[in-house]
Amino acid sequence: MAAMTPEQHYRKQTSTTHRKKWGQYFTPPNIASLMISWIAGCNPSSVLDPAVGLGIFPSMYHSVDEVAHTSWDVYDIDEAMVQCTKDRLDSSETIHFHQADFLEEDWEQMYDAVIANPPYLKMSTHQHKQAILSNFEEQLGLRLPGNTNMYNLFLLKGLHQLEKGGRAAFIVPSEFLNADYGKKIKQYLLDQKLLKYVVITDFQQNWFEDAITTSVILLCERNSSNDPVEFISMYSQEDLPNVHTYIAAQMDTTQPLGKRYSLDTLDATKKWRSYYQPSILRGLQHVKPFTEFGYATRGIATGANDFFCLRKSDIQGRHLSSSYWIPCITKAQQVKTPFFTNEHWQGLFEQHAPVTLLNLQPDKMLDDSIINYIQYGETHQFHLRYLTKHRSPWYKAEVRDPAPIWFRTFNRTKLQFVRNEAGIVHLTPFHSIYIHEKYQQDIPIIMAYFLTDIAEEILKESRREYGQGLVKFEPNDLNQSYVFDFDILTKREKNDIRHLYDQLRECPYLSEEWEIYQSKLNDYFKHLLATE
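In UniProt numbering, the protein residues as written are 1 to 532.
Hints listed in this document are in silico derivations from the structure and should not be mistaken for laboratory results.
Be aware that one or more of the hints could be misleading.
Heads up, simulated DSSO-like pairs for lysine-lysine below, C-alpha to C-alpha not over 27 Å straight-line [stated by the list, open to error]:
hint, residue 1, residue 2
1, Lys186, Lys494
2, Lys336, Lys364
3, Lys184, Lys86
4, Lys472, Lys331
5, Lys183, Lys193
6, Lys494, Lys414
7, Lys288, Lys122
8, Lys312, Lys414
9, Lys183, Lys129
10, Lys186, Lys312
11, Lys331, Lys259
12, Lys389, Lys288
13, Lys122, Lys164
14, Lys271, Lys364
15, Lys288, Lys312
16, Lys312, Lys259
17, Lys520, Lys270
18, Lys336, Lys312
19, Lys472, Lys129
20, Lys271, Lys186
21, Lys122, Lys271
22, Lys270, Lys414
Distance windows between CB atoms, simulated [said to hold, decoys possible]:
hint, residue 1, residue 2, range
23, Glu506, Pro362, 43 to 53 Å
24, Thr94, His380, 20 to 30 Å
25, Glu493, Ser224, 29 to 39 Å
26, Ser124, Gln381, 14 to 24 Å
27, Leu384, Ser71, 45 to 55 Å
28, Gln285, Trp107, 43 to 53 Å
29, Lys312, Pro241, 30 to 40 Å
30, Gln130, Ser71, 32 to 42 Å
31, Ile516, Lys331, 28 to 38 Å
32, Arg492, Lys472, 47 to 57 Å
33, Asp368, Gln277, 51 to 61 Å
Quantities reported herein were computed from a predicted structural model and do not represent experimental measurements.
Backbone N, C-alpha and C define an ideal beta-carbon position, used for all residues, glycine too.
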């Protein structure tokens, strides 16, 4: 039996909870080799690894004799991790360990090379969040939101400390390429003329165990030149040797492995998916921004679902009046079909699913039963949760009008739209889709379109990918997406679509009849969207 790697041994000795707490996802050796090859190309005298983990980068780098003279500064905040790494590297004199938070260290030291697989953690978990973000604004002139992920900060600070002529290699979640929060990061990379290669992994596979995100390898160089940026997609691990060979050879060819773009053509405000994946929109006509017809918002966030979301047994056991709660979908799994009716909700309620939302009006008299329940909440410190402690009073939930259409936030196989025939509200597992007043009569037509494959293909242009087929949409992703132009429909075409929609509505979900009418709707819209 082959000996366990340090990563396998550490994973066996620690819990998934511990590794997630510190954002620890270990770099596979074949990926590490590609990144090391890139930074070794500038023959660095000094290297920074700001999130060394178990030391795969310095370990593999120092296995090459001719570069063993290189001095490394390596950081990690986890004491156990630092000790494991010291043991692995056998106290090499050229490696200087710092058990410290790199984000709180000085900005002055410069390095010939930087290499990192930074932690994947929300900055909101950091006890010194405000001080660090303020320092970043002072150093870089970038105001970053409080929910920024730490890997963005490691990327920015690491690149700031890259010496002129130096190289950097980072492997980070790919979501920032296509997310609103990534605009400032991408603009910094463009302004500093750092990007040389953007290597995107196929989104059906994960490089990291335990992680549900997908990755991009950023290969950077500080040379102040206007070199083009090349986007390379890898569809399987079998593609990796070719990418490695191509980048290591620094091929100056008119036939790039990926797609090359001059710096001045890259737009940080766009989703960068368009630079490495073909867009379906180029072959279509009659599309408009979704915001012409409606808009999306997130669902209700309670901050304490265990307090706000009630079962029938909770209501009966605490003798809560019906004036204190409203029907509400609290979990995505509660919705099984594209048409959610009051009968569906009633069935869930009778099964004692948590499908009601506490709905208290502070200006109205509260009886003893609800006062006792509020006291119960305070005894269990629900009032001290992040969202609740910023509300006055803390037990007042957000107010939302029921949306006619829901859209599931996370989807794996197929995007899920739901016609809210029950007229109730929902929590954040779904987004609310509201239709402008002008198009209220066309809601069945809009819903019919959303149920088609062509609508899904177009909408997926705005997706965020998290690996293993999991995709996520934020409300702004929907608001920035394109849809069919419903304004071009004639009265006859509207009647045709309504008829197919009504037929579909009567079919058992995913039955043979359903598939037939869904296919007819899809063909109808594809014909309208097709260019002449």
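* Asked: Going through the earlier hints one by one, which of them does the structure break, listed in rising order?
  -> Hints 1, 2, 3, 7, 8, 10, 11, 12, 13, 14, 15, 16, 17, 24, 25, 29, 32 contradicted; others consistent.
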